[in-house]
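Trainee: Relying on the hints, combine the two individually framed chains into one complex.
From first to last, the protein sequence lines stand for chains A and B. With my numbering as the guide, the letters of the first sequence map in order to residues 863 to 975. With my numbering as the guide, the letters of the second sequence map in order to residues 943 to 1052.
By construction, these hints were calculated from the structure, which means they are not laboratory data. Here the structure is a predicted model, which is why all the values come from computation and not from measurement. A virtual CB, placed ideally from N, CA and C, is assigned to each residue, including glycine. Be careful, since some hints might not be right.
[Unchecked claim] Pairwise CB distance ranges, derived in the manner of DEER restraints:
(1) G878/A - S994/B: 47 to 57 Å
(2) F882/A - E957/B: 42 to 52 Å
(3) E959/B - S869/A: 34 to 44 Å
(4) E959/B - K915/A: 47 to 57 Å
(5) D958/A - T1019/B: 35 to 45 Å
(6) A1010/B - R959/A: 20 to 30 Å
[Stated by the list, open to error] Not close to chain A: a few residues of chain B, all C-beta gaps over 10 Å, as computed:
(7) F961
(8) T962
(9) S968
(10) T969
(11) T970
(12) K993
(13) L1003
(14) G1008
(15) K1012
(16) A1020
(17) Q1022
(18) T1023
(19) V1050
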Amino acid sequence: DVKVTQSSRYLVKRTGEKVFLECVQDMDHENMFWYRQDPGLGLRLIYFSYDVKMKEKGDIPEGYSVSREKKERFSLILESASTNQTSMYLCASSSDRVWSPLHFGNGTRLTVT
Amino acid sequence: GQQVMQIPQYQHVQEGEDFTTYCNSSTTLSNIQWYKQRPGGHPVFLIQLVKSGEVKKQKRLTFQFGEAKKNSSLHITATQTTDVGTYFCVGGAAGNKLTFGGGTRVLVKP
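Chain B with its partners taken away, still in its complex shape (with noise of 0.2 Å):
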């Protein structure tokens, strides 16, 4: 069936710098979201991106689809403590299927 990995499952950043993490599908994708849970709380939706090669921006935050739409990645720049959680990329395939990611827990040094 479809797996979706991500990596690093852990990401250690100091705050003020960037970082990427990726999501790598085994099967082509109808789209891709990308969804943060803080801390204690609920995963919360941020994006969803369709077309081949998309990037999308929000504030300090960038998402790309691949070429191929099997991979996809989150920048964030000038990491802050705000950014803080887990991050979850989530394909979508046929018949409106949706596949979570492990998740990126990301960690910020103050």
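Isolated chain A (complex conformation) (with noise of 0.2 Å):
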């Protein structure tokens, strides 16, 4: 069974801090995504990664960037946490086949204060 895990569950961060969200796979997945979960907005994608060393945006970047270094690790970088990125972060990972599901791991709720 695919694992996706998350750093950590809960994250309380400064305004102006830089803050990592790690992420990590089992299931030797090419693809690794970051997305943000706010009530009534629904799941917005941040980044995705296709491939080691590969990042493209996706609908809402700003203020966000990725590194992707090894293939089982996706990590979300805050360059410098604004109270305005308080929101629950999931990861989640697919296979390379096309339309293949994700699996998300359990997701770090992020307060910035």
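Mentor: This is the structure in structure tokens:
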């Protein structure tokens, strides 16, 4: 069974801090994704990656960056956290097969004060 | 860009009743996926529909993909408290792009 692990379940950071959200998957999936989930807005795609060292902007990339140095790990970086980045962050992975289902991690609830 | 709308946003259901949630895309889809997210949990894949007019069943859940491949529905019969959660449809389009609907949050009255 696919396991997608996010490093923290809850995180509290101050405005202006640099924040790293880590995600690791154990199924050798090529594709990895970062979403944020906010009430009334559903899931919105921040960044995704189809291969190591490759990244693509999603629908709301502003204020975020990502890193994928190894196939199993996809990191989301908030260079300077702001209060409007308070949200639930969900990492997902999928295989390279077209339209392969997404497998999500448990999420990180980030609060920026 | 592609938009996927889900209605209703909230569904209050009496235990034992049936209900349907609908998903509509602004563009023709290659496929549609459905996910369920329990309260406090993460989205979990339920099913994928690919063919025009396709109907698939999982126990009390019936999923349908429209003939024009621009809409889909999820029908749940004899709702149970275990059905509580948010159901998302996800439209797949060209370029392997997936777009989430806003979700239907299902609340069951015992």
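Trainee: Determine for every hint whether it applies to the structure shown.
Mentor: Hint check results:
1. G878/A - S994/B: 47 to 57 Å: Holds: the Cβ-Cβ distance is about 51 Å, inside 47 to 57 Å.
2. F882/A - E957/B: 42 to 52 Å: holds (44 Å)
3. E959/B - S869/A: 34 to 44 Å: holds (42 Å)
4. E959/B - K915/A: 47 to 57 Å: At roughly 51 Å between Cβ atoms, K915/A and E959/B fall inside 47 to 57 Å, so the hint holds.
5. D958/A - T1019/B: 35 to 45 Å: Given a distance of about 36 Å, which is inside 35 to 45 Å, the answer is holds.
6. A1010/B - R959/A: 20 to 30 Å: holds (25 Å)
7. F961: holds (20 Å)
8. T962: Non-interface label on T962/B holds, nearest chain A Cβ at 19 Å vs cutoff 10 Å.
9. S968: holds (14 Å)
10. T969: For T969/B, whose nearest Cβ neighbour in chain A is about 15 Å away, the distance exceeds 10 Å, so it holds.
11. T970: holds (15 Å)
12. K993: Holds, because the least Cβ-Cβ distance between K993/B and chain A comes to about 13 Å, which exceeds 10 Å.
13. L1003: The claim stands: L1003/B keeps its Cβ more than 10 Å from every Cβ of chain A (closest is about 16 Å).
14. G1008: The claim holds: G1008/B sits with its nearest Cβ about 17 Å from chain A, beyond 10 Å.
15. K1012: The claim holds: K1012/B sits with its nearest Cβ about 17 Å from chain A, beyond 10 Å.
16. A1020: holds (26 Å)
17. Q1022: About 23 Å separates Q1022/B from the closest Cβ of chain A, which puts it past 10 Å; holds.
18. T1023: The assertion about T1023/B holds, with a minimum of 22 Å to chain A.
19. V1050: With a cut-off of 10 Å, V1050/B remains clear of chain A, as the shortest Cβ separation is near 20 Å.
When held up to the earlier numbered hints, the structure conflicts with none and fits them all.
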